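Chain order of the listed sequences is A and B.
Last residue of the first sequence: number 131 in my numbering, and the count goes up by one each step with no gaps.
Last residue of the second sequence: number 390 in my numbering, and the count goes up by one each step with no gaps.
Read the hints as simulated data drawn from the structure, not as lab findings.
Just so we're clear, the structure is a prediction, and the values are computed from it rather than from any experiment.
Beta carbons are placed, not taken as given, at the ideal position from N, Cα and C, and that holds for glycine.
Careful: at least some of the hints might be erroneous.
Stated by the list, open to error - Cross-link-like lysine-lysine pairs, in silico, DSSO-like; alpha carbons within 30 Å at most:
1) B/K251 with A/K105
2) A/K29 with B/K251
3) B/K44 with B/K228
4) A/K117 with B/K251
5) B/K231 with B/K101
Said to hold, decoys possible - Quick look at which bits of chain B chain A covers, simulated, 3 or more residues with Cβ under 8 Å:
6) 10–16
7) 125–136
8) 153–167
9) 196–203
As the list claims (entries may be wrong) - Calculated Cβ distances over 10 Å to all of chain A for the following chain B residues:
10) S2
11) M147
12) K223
13) G298
14) K320
15) D365
Chain by chain, the residues:
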Amino acid sequence: MSDAKERKITAPAVNPETEHFWDAAAQGKLLYKKCTACGEPHFYPRTHCPFCFSDKTEWQEASGRGTVYTYSVMRRAPVPYCIAYVTLAEGPTMMTNIVDCDLDKVQIGQAVRLVFKPTDGGPPVPMFTPA
Amino acid sequence: MSIRDKAYIVGIYEHPTRLATDKTVPQLHAEVLAGALADSGLSKDDIDGYFCASGDTPGLGPLSMIDYLGLKLKHMDSTDVGGTSYIHQVNHAAMAIALGKCSVALITLAGRPRAEGMATGTAPRPPAVPMPESGFEFPYAPATANMYAMAAMRHMHQYGTTSEQLAWVKVAASHHAQHNPHAMLRDVVTVEEVVNSPMIADPLHRLDCCVISDGGGALILAKPEIAKSLKRPPVKIRGAAEASKNQMGGKVDLTYSGALWSGPRAFEEAGVKPADIKYASIYDSFTITVVMQLEDLGFCEKGQGGRFVSDGNLISGTGKLPFNTDGGGLCNNHPSNRGGITKVIEAVRQLRGEAHPAVQVKNCDLALAHGTGGSLGTRHGSSTVILERE
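Chain A on its own, in the form it takes in the complex (with noise of 0.2 Å):
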């Protein structure tokens, strides 16, 4: 299957406090940020914890497994897409596209592995696939 390879990819807005997180995402990296304060991991990555406020936040790496929390394929769009929220094994849930698979056949549970697509004149954004 090719969707991802079909559908133009809106490329990401960098920012000041993203700029690490893409520069990462050329590596073929997915980070996401931990606070040391609480300890509590979150996405998607900010200056503050959005739990305990500190701004003791740091970058960590994921290991690129999670698992499909939910989904939905838009069949009113040029190229059918699937978009779906992924847990991280490592604990945040981050809003993503299951790719190069039969959509048909994506399921809530289902494991997932990281992939990263091309975007629109932008760096690479993270996506999932069947694990």
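Based on these hints, arrange chain B on the given structure of chain A.
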């Protein structure tokens, strides 16, 4: 301090247009204001508070509309939490009146997405100014329909909710809409027709989605002394509350909405229970929205919403909880992609005894209006108001 019994809804108006090709958005705001003034018996000079949502009013916050309409104000507020903003603003207007910041408060909504040919629910709509989450969401093409669909998918997985159960929400709305001459969709539909309509974003079909329409509406609230001097049946605010829910830093849980928080606070302020409510206006952007909100508001247990809405339980005259007797967003109207104001308007019609006779709830003295604005799948505002006929 409470807003209970401190403010009344004294004027309502729903614009009859559903396709406003020949009108501007400010003009629609003016027309709904004129309609609500005529309904209330007040004049424009009586208005000293204006409440709108920055997302549908042209200009910087409320400023251009205040200028265009020629309002002279003591208080203003343009809080925008999506389609439920106008239910939110009933709370804010009642608070301002209760505190004496203003005496007569106007709320307006207008828009023309249909005339403009917007792909409202199926195309991503990134804002001009990036949001903190933009880079982590827009590459994945979140639209409106697939965000609500992800909540529906999880609800089905976790609670066994079925497409047929969701379809009953649309079926009930269509039973009501057949009596509304202004409704966009007036044909009564069956469960089979809903589940056999084209899939938009799994598991939501075309008939699980609300209409795209132009138009708008207005509400006028007033302090008790003014309300009691007017000829319309007085409808008072007994309680109101608001909340917002989001991805919670990655602890995503799409099985409930902010109604879980706004609902109990509104009921507490009003001093009533869900079982006391005779009529409910429930924001119906999609069928799943109704099911989740009914659960979160306490009309049934969590996870039982699908069963609760089945077999016509939301149909006026036969069901236990008559809802959206104007046909709601699913059949009647969703002006400017925002259904909050029509929810309050139909609740007031019910309390006044002015709903269509075929859908009027008998002895309707206590009603609820609740909305979800933004997206169930990412972040949304929730607003609950409880209204009483005096």
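Do the hints match the structure? See the list:
1. B/K251 with A/K105: Satisfied, since the Cα-Cα distance of roughly 25 Å is no more than 30 Å.
2. A/K29 with B/K251: At roughly 22 Å apart (the allowed maximum being 30 Å), B/K251 and A/K29 satisfy the hint.
3. B/K44 with B/K228: Satisfied, since the Cα-Cα distance of roughly 18 Å is no more than 30 Å.
4. A/K117 with B/K251: 25 Å, holds
5. B/K231 with B/K101: It holds: about 24 Å lies between the C-alpha atoms, which stays within 30 Å.
6. 10–16: violated (count 0)
7. 125–136: Contact hint for the stretch 125–136 of chain B vs chain A: holds, 7 residues under 8 Å.
8. 153–167: n = 3 at 8 Å, threshold three: holds.
9. 196–203: holds (count 6)
10. S2: 31 Å, holds
11. M147: 8 Å, violated
12. K223: 40 Å, holds
13. G298: 24 Å, holds
14. K320: Holds, since 30 Å exceeds 10 Å.
15. D365: 40 Å, holds
Figure legend: structure checked against the earlier numbered hints; hints not met, in rising order: 6 and 11.
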